[in-house]
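**Q** Note that the protein sequences, when read in sequence, are chains A and B. With this note's numbering, the residue at position 408 of the first sequence is 522, and numbering never jumps. With this note's numbering, the residue at position 208 of the second sequence is 322, and numbering never jumps.
Not one of these hints is a red herring.
Which stretches of chain A does chain B cover? Using the computed rule of at least three CB atoms under 8 Å from a CB of chain B, they are:
| no. | stretch |
| --- | --- |
| 1 | 145 to 156 |
| 2 | 255 to 263 |
| 3 | 291 to 303 |
| 4 | 311 to 324 |
| 5 | 475 to 487 |
Since the hints were made in silico from the structure, they are not lab data. By construction, the Cβ of each residue, glycine as well, lies at the ideal position given by its N, Cα and C atoms.
There are 2 protein chains.
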Amino acid sequence: MQFHIPYHVYTEKFSKKRLALYHALYDSIVSGVLEAGTRLPSSRELAAMYDVSRGTVSQVYDMLSSEGYITGGVGKGTFVSFQPPKHRTGESPGRSEYLLADWGQRIHELQGWKEEEASNVQSNEKQTINFGAWGSETEFPDKEWHRFLYAESRQLAEGNGLRSRSRISTLGDDGLRESIAQYVRRARGIAVDAQQIAVFNGSMQALALTAQLFINPGERVVVENPGYGGALRAFQALGGICLHAPVDSEGIIPEDWDAKLLFVTPNRQFPTGAVLSLERRHELLAWASRHNALIIEDDYDSEFRHRGKSLEPLKVLDREERVIYVGSFSNTLLSHVRIGYAVLPASLVRLYARAKALFDPHPCNLLEQRALAAWMQSGEYERHLRRMKRVHGKKFKLLREQLDSRLSGLFNWVEGDAGLNLFGWWRGSAEDYVKYRQACLESGICWPETSVQKEDWGSIRYGAYFRFPHLTEEQIIYGVRKMEEIWTSLEGISTS
Amino acid sequence: MQFHIPYHVYTEKFSKKRLALYHALYDSIVSGVLEAGTRLPSSRELAAMYDVSRGTVSQVYDMLSSEGYITGGVGKGTFVSFQPPKHRTGESPGRSEYLLADWGQRIHELQGWKEEEASNVQSNEKQTINFGAWGSETEFPDKEWHRFLYAESRQLAEGNGLRSRSRISTLGDDGLRESIAQYVRRARGIAVDAQQIAVFNGSMQALALTAQLFINPGERVVVENPGYGGALRAFQALGGICLHAPVDSEGIIPEDWDAKLLFVTPNRQFPTGAVLSLERRHELLAWASRHNALIIEDDYDSEFRHRGKSLEPLKVLDREERVIYVGSFSNTLLSHVRIGYAVLPASLVRLYARAKALFDPHPCNLLEQRALAAWMQSGEYERHLRRMKRVHGKKFKLLREQLDSRLSGLFNWVEGDAGLNLFGWWRGSAEDYVKYRQACLESGICWPETSVQKEDWGSIRYGAYFRFPHLTEEQIIYGVRKMEEIWTSLEGISTS
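Same shape as in the complex, but just chain A:
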């Protein structure tokens, strides 16, 4: 039985074993360390644990029992029967401040954390529509996925787990690395060997490790504005200075930045949805070449192009190994499965393996990695993608129509033909936006937003984006209609 009380501390205070044992048990129960209902060891077991006689234990148990702290009987076991008001929570009032390192101090001071991010889910309540929730489980083929999951789970347990099948390394299951390599070659046209694929716990780990490998405090990094907050925080945590590059309908506007790294979402700008023109892609690569800079290309939802054309990823055009291409399965698997990846220059693979090994020497979701690899190899994952594309494409069209016809007075919708969200710039004043958002929130409708300072400084431009894969068509229609209703009910919202 796993059981521990601080008996040895009490033997220092009490010369008699009986008293030491009594007080060790008493204090553990009264402080709540041993909770009500906890089964205590038998007198034989406890005697052996602390090298006391069984008689001593029986005496102590009798004392505690007569005082009402424990109960029990012959053949029934002995249990704690006292419940103190509340656990000690570990706050120690006299404790001096912890001396944080610079990194710790920076993340302590950084703003904009979503502390409860993981609970950002669509509620089951009918009248609540969260356009910011993640996940796309509404049409996920559970049974198919579970078939692969169960098969791989048995494989891992049976063959004594790790001996069998493909080799694994810090950078992921080799079978999955091969499947991803095949996929990015075929679907994105990237010339890559499986050894250049690094599997991460979601794309954020790829960004954070890349930042840590390349950014010293005070060095400059270009980010899109508006852009992805996660990347921004990763650079700021390292003391990097972020240059906020404006974005228009063709994506990020290239400049001759003095910087060491660029984070960019060329294939569908996050969150506006703009597609970076081919000309600008070449400009970014030329910039990187001139400044000996690195580019992180985050291709977070390229799977969902709803119309024909697509442009070459930067990684395809890159002739100097300056691009780290980052992808993710967060939009195509169950949302609790966190698998992302990066396409690395061959000469950096070992360095990334070491960087990851400091945190996760072994893949921490090997089972799901293998299930995904088997699904991809079977060809059924590709069918799943095609089906999701149809399903999402239909909802995309519906949401687009609804927003265009009902809310164009409030937002300028950005044109786009891909992705899992739609973006619009607020047309009115900042004050009106805050008022409108609050009214919607009170009616159970919410969405994620972004804000940029206008050139004339002091004035803020708001943008909102609407994610839909987790919503049914009825929920989409209900949500947008409700937003329209609230608009007409609010007086004085300007429609510039």
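Position chain B relative to chain A; hints supplied.
**A** Relative to the frame of chain A, chain B by itself:
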């Protein structure tokens, strides 16, 4: 169909769409980006993707087909039929050096990485005994574990996953945090609330994030010598200066170090197995108090005490919130499941959540976390532990007897009554050790080792440790006998 060729790059070079399409396909096939066997889109699909006529696609397909690069027929689909010698691996000869940050440069230069660590497994070959392999699957209750895994997997998929059941956060599934809190209260006597439990991807992540939160380059950290290489690397990667504290039969020898952090394994010193005396425990806490220092207490295998007594973890004696207690399930679950945890001071919980969120905003093994929580709540996990304790205790005794009776001439075995390995100091010269290890290796026997410089400098003292949970009793006996045989067959090995 997910498919991409760099068509738009080729339209810049070729004025005719037909030629652009031909060369885009040709180059993709010849470079190996489109592999032999890849199914190409139908002419209708490809025409839609790149806004060309179906006739143009048919012409291009006919050209490539007549040249032997693709094959196909009516109703059969079109496939790539050419296999180039080798993929371009991404090495770009003219590429200048990447400019690493200090952190990146340090891990690039650090020695002692086990690049293939994850493949450190016991081979299926009968004559090969790896005393260093991880895992303890020989007696793992697969079926019981899978019952919980499957049930939780269905829960996650059915209830639209994340809406249902307990809340999750960056620091883990709340149900698991509660189960771990109950466990450490009962089994280790630590007064803790579930909110102070942080679940990590194995204990290494807890060490690495703690190091990063508290250690600046040039700051001093105390580590045990011999000790855990993973912790050493985590501190060195941050530019920390490691003070190597000697260890004797009572564990680390306290001194008045000028340092900010101490990493220690008091409950079973790694790798020697020494148990830190209660007196020294108090000395370490007094030292931390004087220097306003933090202590990481790594309690990596306290579950497996084979005889009675155990001493209070530092965390129990800690009155000033200076101890971060780290534990792991690596020795009690299937070895590919990576779940570790830390008991944090309440005032540091938010900071750790932010630190982890930079890398993994969402738990990356939620399914396994929930399965473990359910297993622990059912009471069956505790039964599994009791059973494993018996199984491992028996093997421990066997290995101890075998080593004592057969190899005491070669090693001084360190006394111990707990854990999953046995440790011995080599009695002879360093040269003899190297010779003996090599001979054993050639006969298929290997073990992990440690080495310390002796005081007189220049002379090295070797130690070896023998892990057993993954081995059968027959393998243990075979391995030690073989080592004895090799000893007697080698001439001139001294037995001081």
